[in-house]
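Chains as they are written, first to last, in our numbering: chain A, 63 to 305; chain B, 63 to 305.
It is possible that some hints are incorrect.
One copy or two, either will do: identical chains are not told apart, so a pair holds if it fits within one copy or between any two.
[To be verified] Below are the DSBU-like pairs computed for lysine-lysine, each with C-alpha atoms no more than 35 angstroms apart in a straight line:
1) K280 x K242
2) K185 x K247
3) K280 x K202
4) K185 x K280
5) K112 x K185
6) K247 x K112
Rather than coming from a laboratory, the hints here were simulated on the basis of the structure.
Protein chains: 2
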Amino acid sequence: MFDESITVRPPVECTACRLGRHVICRPNGNAEPDEINVRRQGITMFDPGKLLARQGETVTQSMTLYSGWAYRFRQLADGRRQILSFAVPGDLLMPESAFFPDYAAPYSIKSLTRVSICIIPLKDMMALMHRSPEREHQFKSLIAHEAAVMRRLIVDLGKRSALGRVSQLILELYHRLASKQLSAKGQFHFPVRQEQLADAVGLTPVYVNRTLDRLRQKNLIAFDRQRMTILDVEELHAIAEEE
Amino acid sequence: MFDESITVRPPVECTACRLGRHVICRPNGNAEPDEINVRRQGITMFDPGKLLARQGETVTQSMTLYSGWAYRFRQLADGRRQILSFAVPGDLLMPESAFFPDYAAPYSIKSLTRVSICIIPLKDMMALMHRSPEREHQFKSLIAHEAAVMRRLIVDLGKRSALGRVSQLILELYHRLASKQLSAKGQFHFPVRQEQLADAVGLTPVYVNRTLDRLRQKNLIAFDRQRMTILDVEELHAIAEEE
DNA sequence: CGCACCTTTGAAGGCCGTCAATCAAAGTGG
DNA sequence: CCACTTTGATTGACGGCCTTCAAAGGTGCG
């Protein structure tokens with residue numbers, strides 16, 4: 063399954079990880095030795111569109127996105143697919159797997175761009191988690207956050223129009239990236255194709271295109287060549303809430 | 063907030079709880095004394111339509127549904143509401159709150175029927191949970207199950223038609239009730255009004271009505287006077303998957 | 001019996017989907 | 001460096017699923 067990947071020696075020590083405090087496996091502030099650096103198997107690269115985890119299969123690895131984007135999704139028998147969430151640099155790809163031995167993945171994961179992923183055996187991640195109550199609490203917080211994102215998506219899909227859903231998604235990703243210093247002045251790298259936007263917000267690619275167009279004509283966003291710019295955060299937020 | 067409720071002395075000992083093994087607070091099989099029985103404050107009754115928890119407010123109590131139905135929902139500023147899930151007898155109303163002190167409720171909860179609820183202080187429930195690794199694991203499993211239900215709902219709302227969504231919901235509740243011995247021969251008490259069905263599956267009450275009608279005309283269900291009967295589980299399941 | 005609350009039904013319209021064609025951008029090989 | 005291909009964005013026409021508005025019909029309860 064992973065034969066199309068390339069694993070390289072870790073280019074950096076974990077203690078010098080550029081993701082800094084935005085990643086779960088950051089070293090403790092105190093004198094604890096850098097355990098993860100010893101355990102991890104290297105950093106693995108994948109091309110865009112590669113399957114990183116398959117729905118139903120047992121999870122044995124803990125994967126942290128070091129660079130690039132991925133998405134979690136479920137696929138129906140006839141091919142329809144629903145994207146549950148996007149993962150951006152620093153995100154743990156399946157945080158809840160750390161709580162259950164022999165956990166069966168409840169969704170699949172695909173790379174959206176070229177990605178590099180920091181992989182360590184799930185057992186080691188579980189052991190690391192259990193070593194410190196704070197780290198365990200961080201895992202629980204991650205899971206609670208995932209649940210909060212799912213609830214928002216449910217409300218979006220159930221109660222909001224196309225304009226509202228797309229606006230919500232753009233804002234959510236903007237805020238997540240901003241909290242990791244990955245956006246500036248409302249501008250950020252947004253490598254999501256309209257087909258995947260459609261699968262995320264429960265619309266067709268054609269209608270996502272028209273919806274983006276409406277947002278552009280309202281002068282709320284500029285979006286071209288994977289570069290998203292939010293021109294009016296307040297008004298975009300208002301539309302995201304009202305529509 | 064709870065001034066419209068009536069609290070009565072526990073009518074039964076926890077060790078004789080009719081919910082038996084279908085409730086998280088069941089006594090351990092081994093010789094451990096019945097701790098919950100000491101801590102709980104009694105069983106509280108609420109009329110239909112009462113608010114049991116308010117989105118955003120800090121959770122201080124652990125509530126288990128002893129009888130009746132409730133639903134978890136989020137409400138938007140303009141009044142639109144999306145139901146996230148239903149709670150049936152035996153369900154813990156907000157399992158994830160046991161993991162976070164001073165947890166702010168991410169959704170509101172309302173009684174759907176007249177309900178009786180077994181309430182104990184959240185701190186006691188947390189202490190009880192931490193006492194035994196198995197019980198803590200049960201809590202984690204509950205939360206994982208809630209997450210799985212949310213994922214299915216996301217797929218329903220994003221990718222399925224009205225017929226598929228309604229079928230999915232009926233089947234989900236049927237299976238949940240069956241696992242608690244609360245349904246027999248495809249027949250069960252279903253006290254959900256069409257307005258709430260609509261809020262659960264992201265449709266309007268009018269269209270839910272028409273959709274139920276289509277299911278009846280296909281001879282897949284009978285539904286009258288809060289009594290739901292599934293006439294053809296296989297075919298209903300097929301439609302739930304395909305539509 | 002009368003009122004409140006649902007459910008059911010009809011008609012009209014809009015949001016979004018489907019199908020299809022065109023266009024733009026980014027490779028690819030010569 | 002330029003045909004050629006591939007992939008994704010864009011646009012138009014049309015249709016359908018679902019919404020909205022309104023009214024009528026049931027059901028339970030005081």
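- Task: Indicate which option fits the pair K185, K247 if close means a Cα-Cα distance not exceeding 35 angstroms: within, between, both or neither.
- Result: neither (40 angstroms within a copy, 43 angstroms between copies)
- Task: State whether the alpha carbon distance between K247 and K112 is at most 35 angstroms within one copy, between copies, both, or neither.
- Result: Classified as within; 32 angstroms inside a copy, 45 angstroms across copies.
- Query: Should K280 paired with K202 be assigned to within, between, both, or neither, using CA atoms and 35 angstroms as the limit?
  - Reply: neither (40 angstroms within a copy, 45 angstroms between copies)
- Are the CA atoms of K112 and K185 at most 35 angstroms apart within a copy, between copies, both, or neither? Classified as within: same-chain Cα gap 24 angstroms, cross-chain 45 angstroms, threshold 35 angstroms.
- Message: Treating 35 angstroms as the Cα threshold, decide for K280 and K242: within, between, both or neither.
- Response: within (28 angstroms within a copy, 53 angstroms between copies)
- Query: When no copy is specified for K185 and K280, does a C-alpha distance of 35 angstroms or less occur within a copy, between copies, both, or neither?
  - Reply: The answer is neither: 50 angstroms in one copy and 50 angstroms across copies each exceed 35 angstroms.
Going down the numbered hints, you'll see the structure goes against 2, 3, 4, while the others check out.
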